[in-house]
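Engineer: Next come the chains, spelled out residue by residue.
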Amino acid sequence: MNEPAIDLSQSPADEIKTTTCYMCACRCGIRVFLKDGRVRYIEGNRDHPVNKGVLCGKGSAGIMQHYSPARLSTPLLRVGERGSGDFKEISWQEALSIAAGWLGDVRARDPKKLALFTGRDQSQSLTGWWAMQFGTPNFAAHGGFCSVNMAAAGMYTFGGSFWEFGDTDWDHTRYFMLFGVAEDHASNPIKMALGKLKKRGVKIVSINPVRTGYNAIADEWIGIRPGSDGMLAAALIHELMRTEQIDVPYLVRYTNAPWLVIQSPGSPDDGLFARDEAGNPLVLDKATGKLASALAAGLTPAMSGAVALADGRTAVPVFQLLAERFLDPAYAPEAAAAETGVSAQTIRGLAAELAHAAFKEEIVLDIPWTDWRGERHERMIGRPVGMHAMRGISAHSNGFHTARMLHILQILLGSIDCPGGFRYKTPYPKLAPPFLKPRGKPGDVEAGKPLPGPQLGFPTGPEDLLVDAAGTPQRIDKAFSWDAPLAAHGLMHTVIANAAASDPYPIDVLFMYMANMGWNSSMNVPATIAHLTAKDPATGNYKIPKVIYSDAYFSETVPYADLILPDTTYLERWDCISLLDRPISEPDGPADAIRQPVVVPDRDVRPFQDVLLDLGSRLKLPGMTNEDGTPKFPGGYPDYIVNHERRPGIGPLAGFRGKDGTAYAKGEVNPKQLDQYIANGCFHVHHLPAHMRYYKHANRDYITWAVDKGFRITPTPVIFQLYSEPMQKMRLASLGHGSNVPPQRHRERVHTYFDPLPFWYPPFEDASAADYPLFAITQRPMAMYHSWGSQNAWLRQIHAANRIYLARSRGAELGIADDDWIWISSPLGRVKAQVRLMDGVNADTIWTWNAIGKRSGTWGLADDAPEATKGFLLNHLISELLPASASGYRYANADPVTGQAAWYDLKVRIEKAAPAEQGETAPRFEPLRNPSPRLRGEGTQAHAGTQGDGR
Amino acid sequence: MHPAYSVILFTTASGAGYGLLVWLALASLFDWTPIKSASGFTGFGLALGLITAGLLSSTAHLGRPERAWRAFSQWRTSWLSREGVLAVATYVPAGLMACGWAIAEDNTGIYALSALLTIPLALATVVSTGMIYASLPTIRQWHQPLTVPVYLAFSLASGAVLLTLFLALFDGEEAGGAMLAFVMLAVAALLKWLYWRRIDEEPRDLTAADATGLGRLGTVRVLEQPHTQANYVMREMGYAVARKHALKLRQAVFLFAFAVPALLVLGVFEAAPWIGVAAASLASLSMALGLFVERWLFFAEAQHVVTLYYGAEAA
Amino acid sequence: MTALPAATGKKLGLVIDLDTCVGCQACATSCKEWNTAGYSAPLTDEDPYGSDPHGAWLNRVHAFEASDGIASQTVHFPRSCLHCETPACVTVCPTGASYKRGADGIVLVDPDTCIGCKLCSWACPYGAREYDTSHGVMKKCTLCVDRIYNDHLPEEDRIPACVRACPTGARHFGDLGDETSAVSQLVAERDGFDLLPTLGYKPVNKYLPPRKRRDARQSAPAAGVETAHATGAAVERLFAWVDRVLSR
Ligand SMILES: Nc1nc2c(c(=O)[nH]1)N[C@H]1C(S)=C(S)[C@@H](COP(=O)(O)OP(=O)(O)OC[C@H]3O[C@@H](n4cnc5c(=O)[nH]c(N)nc54)[C@H](O)[C@@H]3O)O[C@H]1N2
Ligand SMILES: Nc1nc2c(c(=O)[nH]1)N[C@H]1C(S)=C(S)[C@@H](COP(=O)(O)OP(=O)(O)OC[C@H]3O[C@@H](n4cnc5c(=O)[nH]c(N)nc54)[C@H](O)[C@@H]3O)O[C@H]1N2
Ligand code: SF4
Ligand code: SF4
Ligand code: SF4
Ligand code: SF4
Ligand code: SF4
Ligand SMILES: [Mo]
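Chains as they are written, first to last, in this note's numbering: chain A, 716 to 1666; chain B, 1410 to 1724; chain C, 267 to 514.
Note that these hints are calculated values from the structure, not bench results.
There may be inaccurate statements among the hints.
To be verified - Cut-off 30 Å, straight-line C-alpha distance, at most; resulting in silico cross-link-like pairs (DSSO-like, lysine-lysine):
hint: 1; chain 1: C; residue 1: K478; chain 2: A; residue 2: K911
hint: 2; chain 1: C; residue 1: K468; chain 2: A; residue 2: K914
hint: 3; chain 1: C; residue 1: K468; chain 2: A; residue 2: K913
hint: 4; chain 1: A; residue 1: K1250; chain 2: A; residue 2: K1347
Sequences are here, hints too, so could you generate the full structure?
Structural biologist: What follows is the structure, given as structure tokens:
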């Protein structure tokens, strides 16, 4: 046997550099292998808190993202009509002075005429701060069309949420429910976690109309009817209450369940908490029979029964209202079965299993800790029930209330921040809601002046809304107006339409970063394109006069901008994953990270953050300019990351602070900070001592530490708001109470949806959809990231086209067979696609993979790429506005509380396409011309690149 | 299986070539025709020409033709390697016999011996060609006892038709050749008919459930292919011909590869020499067409078990 | 040499857990990424930015649905070379480019002697061989032979790229010839199975079947204890119970 001799020990790299992946928002640590000056291999960093060495399908294809033929190569100035793709290449000097000119003009006249919206931004603490210094209230990232329902519901209920806010205690949990998740931002962590649960034989329950991916490996799949999860959650609460399986002591200790609610219909404080002079909420102490401050120690508060207040009016505990709400037959399993399609018996079974896990499989950790009242506890009691929910809940018009109910379910089981339950990640928990008001009221915005505070926050009453005396919205996206009072993340999805309609007012510059608004991230794409190209017949000027856009690649949006600021790829720049932003902390301790450039750009591109800081100093924005007018951060973003201080001693990075790098979170600027991060693998984790790792909402030592480190402002506990007073305040305003009341046309809507206790209502489109019987939803493909994966030579081989998936049973009923072509119609129009029949989908639901469809000509792909000829988007069918209300006014197609885009409310009708119509998807848009003359034809060179990586 | 033209050409042409070679060897041993230079050049030119053309076209199928020589090394295990070795080996006695006939105009002694050696070698080459396919457990239609006999029969039948033409041209025992061709064609037809009956009747009892081992869960259907575009395996093994299309083609095979040549070769009896030549030529052309279709079907009707992973219900 | 080794020192292979695989494709892309610059370099992509993008991949992830209707199950199914013990893909090779290593049983193609006749791919029942048109030779899973013995990698990383990347831990690598090894024991516990055993290729790689699903309806009877003593409406009963709990 003579086998060929092979070299089993070839050196795979000349050099290995650590940095952070950016193929999605999960932000895993990576090690980049460099060989002969090219990227040869990317693997997960074993030491990194997020991915602990693993890497997902996208991350492992990062090479082909970096070498994409769609990369922009130089700044561009539009010379032809918008959309024509006629640009001329200009220098950065030119580009920056043009931008500075446009922006300086706006700032001098009226800063709010700049709308800065930053999509998939991972540097929001910089971009938001920049916009604040500029003085415009019109700033937000993509949260509004993404998952603000989850985030806001969580923040208003328990000062946290899922994802970067907190996670299941994967090592201890004994039961796990996954609501409406295909992939999520915690992409690798969830996968690793599911693997752990499988190893431990923990039951995984999937609530999802579609059974793929995570949901395919669940021990039980519940193919729920879209939009009805709130009903299911309510029924589970009903069952747990009916069967007396809730954690009463937990409710007394950590929630507002015993707080007294004033019962005085018609009066301006009806439904608000009864409070003492100090403003503390009151409870009835059964020991003394007297009213006492809920914050006092050693009480046995009443949980039910009417109480007479000092002024003679009555009040009842929150718990009583909660019980009356959820024990109502309307939320009995039988009632829920009708709406959800989940049998009453299954609902009872789920409730029983939840209760069993929480109370019969209780976990006890012998770790003494002290609560905020100073009471010492010898051990930590765990209710090992884990839950995670995402856009299946979020992306519906009833998502806010649904998410509230899921959290209340967790709270009733006593499973928030306890062993085996949900666990906060620093800087969470924050107050429910955090004490942070949105700025941008009339008076906040002044020519040439910064905004007095950040644009985004958490209103606790009508007085916090960004409206004028007449109730008119002050933001271009109408966030924090009566349209969407709790729009904590803004409404990026409404900006283009509102700006084109000058509603509430015209803007001058639309400045966008990293969002493909001309395609997959907009509802009603044709209308969006029309808005971007609409001209004022009077002047002949575009209704949105100036559009600046920073993209790294030739996306569908690029040809619709006037000035293109080409960005680097994620391997070519510095970045900062900051605790001031959306952190990557773990329950056991806060963490942050950086990106370092591992390769040098071969094109005339600049990191967007550098560009923003450069513009800032050209505009002489405070914080970016020294007294003498010189730039404060001449070194660009890395300079800012190290030297910027938000508050004394607090900067973008918490690790290695202080002169010598030994301080954590708070400390002087450390000039060597970035080197120390790099030496540490480009991340930093601070490990909390064992006694601070649970009950962070009430853990005295944790709270003191968090305040000391600047993660919390006040040393107050976070008390879970089962009953939400801010909601009731809005409702009172809708009844005409107070000085800031909604205009008539909004009143009924505000009154209905600002219920202080959550409730279920059908998603808006469901009501109006008799002749559109099917729900149409999308799922994230694990191996694609929105639109930007399609330029990736490897990922696109996996998803070059998308099918519309339909239940086999429904197909049989409609005479639709596998591979048939069908028309999918909504009131907005119709889309043609090819069918794949499957069993694992709710029969009232059709679905497809998100953002696979591409517009011909874009992304460095051939005009006849399958993405364009056999791929499609459902976005063309999703209306950006709801049908006219009684008053004739059209609200955004969104949740009435938060303004979260209701993507998954879409209802459709399907019919077979004629034989002649088969073979191609519809609609097909005009092919877009590559904006950069030099870029045209780079596809073939990049092909060589593909091979090149092989050698 | 995807019918690659290079392979079809190779198996048919060289098959006919080896068949003719066998018959020429017998013709030389039993003096079916005068041993003359002209007939020698024509006969062996034709036989060795077909063989060589076939072998060359088969290298067109290779990704690295320049390395083809390496294929002679694995004769211990590989039928493809054996075929290569035997094919080359056959040239030696065949070449010698050819020289005897065409140049020395002698078919005795050493030349007779080379004729004797040529016959088993040529037949062995055809057998190993058949075995390349018959030895693949992955393709039910090929992995069966009739594959090799069919290859042999077709080689000898097509060779015999050519022999008839040859004898007609060089006033040999064309009647004998015709009888031989007729009988061989009948045998080939019979074997091919049995082959088709067998592959039609044999149950396709492997399913996606066996391929995935998920049978315990029930019927297994493809939900999502690994990639949206077809990959090498799907392009190479995924080829399938529609049943009724195949049946038409089978009839064409019977017509052109058997019936027409069989009738035509009979035309050489008692006919003027030129009619005999014309008939035999037409028979050869028809045979070539029929053979091509037969070989195309041989691939197109073969289903590879891997198709079970890509949506085939059974294999 | 295409003669199979009488016996191999080890039987290195993969064990893939179909109960845990979520079909994320990480094993497929990390495989592509490592191998396009590794032993099998390059793994060509045809028409990568055009209308028919496809290429050579050594690992592909299928998705199947099993059974019918609501009782059915979705199974993600990664498929690569199974490094069979008696594979025809090796014995049919005319050049000896295809061979099975005596030391560890890994089945390899020697890219320097392969003539690209494709016969081995015909002989593989599992579609594990991928012809690389630009290179003119056959490619296949090498079990990352250039990783698992690579001194340039830290000990813990001397495992296949796909195993290292797999986020759910559904892929396991080890010696299936040694029944004391972790992989062998896993296979024993979870009754791992062979693909198409009847063909007699004796795959070394094993697949672990999806576990039995668990239906909440079974738990329904256990649902809570209807409190006998308390009377009245559900709300009253609940309040009475809560008071009892708090007065304990
Ligand atoms: N690979 C990859 N990862 C990504 C992204 C990507 O594009 N690709 N995008 C990132 C972004 S921006 C986001 S916002 C997150 C989103 O993370 P996910 O929320 O996981 O993303 P979606 O695909 O929207 O998942 C929605 C899921 O909810 C289900 N669903 C739809 N309607 C309902 C319903 O009414 N009830 C229930 N129970 N389920 C329902 C759908 O079937 C789908 O499985 O993913 C992030 N991660
Ligand atoms: N039908 C339907 N539509 C949806 C959704 C859905 O579930 N269904 N999901 C919605 C959700 S949650 C979201 S978050 C949006 C996401 O949609 P988008 O936010 O539009 O996400 P992408 O498509 O990834 O577009 C991001 C843009 O950033 C560019 N980019 C990529 N990398 C860089 C970089 O390094 N620098 C710069 N400057 N630019 C870069 C890309 O080229 C692309 O043009 O889609 C929304 N749209
Ligand atoms: S999940 Fe994947 S794509 Fe996202 S950051 Fe992590 S490795 Fe990169
Ligand atoms: S990486 Fe793991 S989970 Fe993902 S597809 Fe491969 S085996 Fe399955
Ligand atoms: S899986 Fe295929 S290629 Fe791999 S050893 Fe078995 S037969 Fe050969
Ligand atoms: S393709 Fe290469 S490895 Fe495969 S059988 Fe032919 S020579 Fe051997
Ligand atoms: S072992 Fe290596 S070559 Fe084989 S599939 Fe895994 S990564 Fe690919
Ligand atoms: Mo999102």
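Engineer: If a hint holds in the structure, say so; if it doesn't, say that too.
Structural biologist: Evaluation of the provided hints:
{"no.": "1", "hint": "C/K478 / A/K911", "in the structure": "holds (18 Å)"}
{"no.": "2", "hint": "C/K468 / A/K914", "in the structure": "holds (28 Å)"}
{"no.": "3", "hint": "C/K468 / A/K913", "in the structure": "holds (28 Å)"}
{"no.": "4", "hint": "A/K1250 / A/K1347", "in the structure": "violated (40 Å)"}
Comparing the model with each earlier hint shows a violation of hint 4 alone; every other hint is respected.
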